[in-house]
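Engineer: Single-letter residue listing:
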Amino acid sequence: MRAYFGRRTTISASHRLHSGTLSAEENCATYGKCNNPHGHGHNYVVEVLVGGEVDAETGMVINLVALDEVVRARVVERFDHANLSLDPLFVNRVPTTENLCRVIFGLLKDALPDGELARVRVEETENNFFECEGE
Amino acid sequence: MIYLTRRATFSASHYYWNPSWSAEKNEQVFGRCANRNGHGHNYTLEVTVAGDVDPVTGFVVDLKWLRDVIEREVLAAWDHRHLNLDVPEFAATESTATIPTTENLAIAAWKRLEPSVHKADGARLSRVRVYETPEIFAEFRGEA
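Residue numbers (our numbering), protein chains in the order written: chain X, 1 to 135; chain R, 136 to 279.
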């Protein structure tokens with residue numbers, strides 16, 4: 001039977017929303033205080049949902065320890081206590097949470113030992129979140 | 136189509152053990168969850184029902200009715216119980232067991248709830264999600 005396993009992880013990171021294709025005035029008008037020059041930070045919650053058959057022997061879609069290791073190696077090590085705006089993946093992308101969500105989906109989708117990545121949800125604050133189910 | 140979700144909580148103990156494996160393999164795969172004295176969680180059960188809004192009541196289903204279904208079909212059997220020892224769907228034989236993982240809890244809760252929800256006019260069970268902790272959950276959508 002097909003089920004889904006979800007895991008939530010917190011990362012703390014800074015960013016500045018600034019687009020190289022917009023003027024200073026346009027950046028300020030578009031992003032407001034998120035465009036302040038020295039950036040700011042969030043405690044992001046990254047929720048990873050993995051879909052797949054429930055293994056008859058283990059009762060699991062994916063082993064939590066194995067999933068945690070992939071998320072740690074590919075996402076937490078890269079982004080936790082880091083400045084997203086300086087990461088090579090955001091050189092040509094504004095580090096909005098929409099884009100962070102897409103980037104994390106891309107970092108994880110081929111790295112799971114079991115199941116397939118069904119959705120990545122990133123909560124920037126308690127009041128806003130973004131979801132990506134693939135490209 | 137509107138989706139309506141009701142949450143409930145229950146507290147239960149369990150352990151993970153596949154009786155067809157050696158003790159060493161159980162400990163290797165399941166880690167601390169294989170401790171035979173068990174351990175417990177405060178679970179949250181989220182039940183999502185899909186349906187059209189009744190033009191007279193404005194409801195998909197009556198939330199009190201759904202609360203009572205969850206209480207009768209799931210909580211009465213699972214709350215403050217040992218899932219391996221007290222709940223029939225997780226009873227082990229000498230060689231087989233449905234291990235009470237979060238995935239299997241979501242499937243088992245679906246099977247308990249679906250017949251009652253199915254009887255409700257126009258509504259259908261859409262999703263059952265079980266949180267083992269605030270950071271770990273599994274969901275079942277009735278897929279084969």
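There may be inaccurate statements among the hints.
To be verified - The list that follows gives simulated cross-link-like pairs (lysine to aspartate or glutamate, EDC-like), each with its CA atoms no further than 20 Å apart:
1) X:Lys109 - X:Glu133
2) R:Lys160 - X:Asp114
3) R:Lys199 - R:Asp256
4) R:Lys246 - R:Glu181
5) R:Lys246 - X:Asp55
6) X:Lys33 - X:Glu98
7) R:Lys160 - X:Asp110
8) R:Lys254 - R:Glu162
9) R:Lys199 - R:Asp189
10) R:Lys254 - R:Asp214
11) R:Lys199 - R:Asp214
12) R:Lys160 - X:Asp55
13) R:Lys246 - R:Glu206
14) R:Lys246 - X:Glu53
15) R:Lys246 - R:Glu208
Hints listed in this document are in silico derivations from the structure and should not be mistaken for laboratory results.
Keep in mind the model is a prediction, meaning the values are calculated, not measured.
Engineer: Determine for every hint whether it applies to the structure shown.
Structural biologist: Hint check:
1. X:Lys109 - X:Glu133: 10 Å, holds
2. R:Lys160 - X:Asp114: 19 Å, holds
3. R:Lys199 - R:Asp256: 15 Å, holds
4. R:Lys246 - R:Glu181: 14 Å, holds
5. R:Lys246 - X:Asp55: Holds: R:Lys246 and X:Asp55 sit about 18 Å apart, inside 20 Å.
6. X:Lys33 - X:Glu98: 18 Å, holds
7. R:Lys160 - X:Asp110: 27 Å, violated
8. R:Lys254 - R:Glu162: 43 Å, violated
9. R:Lys199 - R:Asp189: 16 Å, holds
10. R:Lys254 - R:Asp214: 25 Å, violated
11. R:Lys199 - R:Asp214: It holds: about 19 Å lies between the C-alpha atoms, which stays within 20 Å.
12. R:Lys160 - X:Asp55: 16 Å, holds
13. R:Lys246 - R:Glu206: Roughly 14 Å between the alpha carbons, so the hint for R:Lys246 and R:Glu206 holds.
14. R:Lys246 - X:Glu53: Cα-Cα ~17 Å, so holds.
15. R:Lys246 - R:Glu208: 10 Å, holds
Violation of the numbered hints given earlier is confined to hints 7, 8 and 10; the remaining hints are satisfied by the structure.
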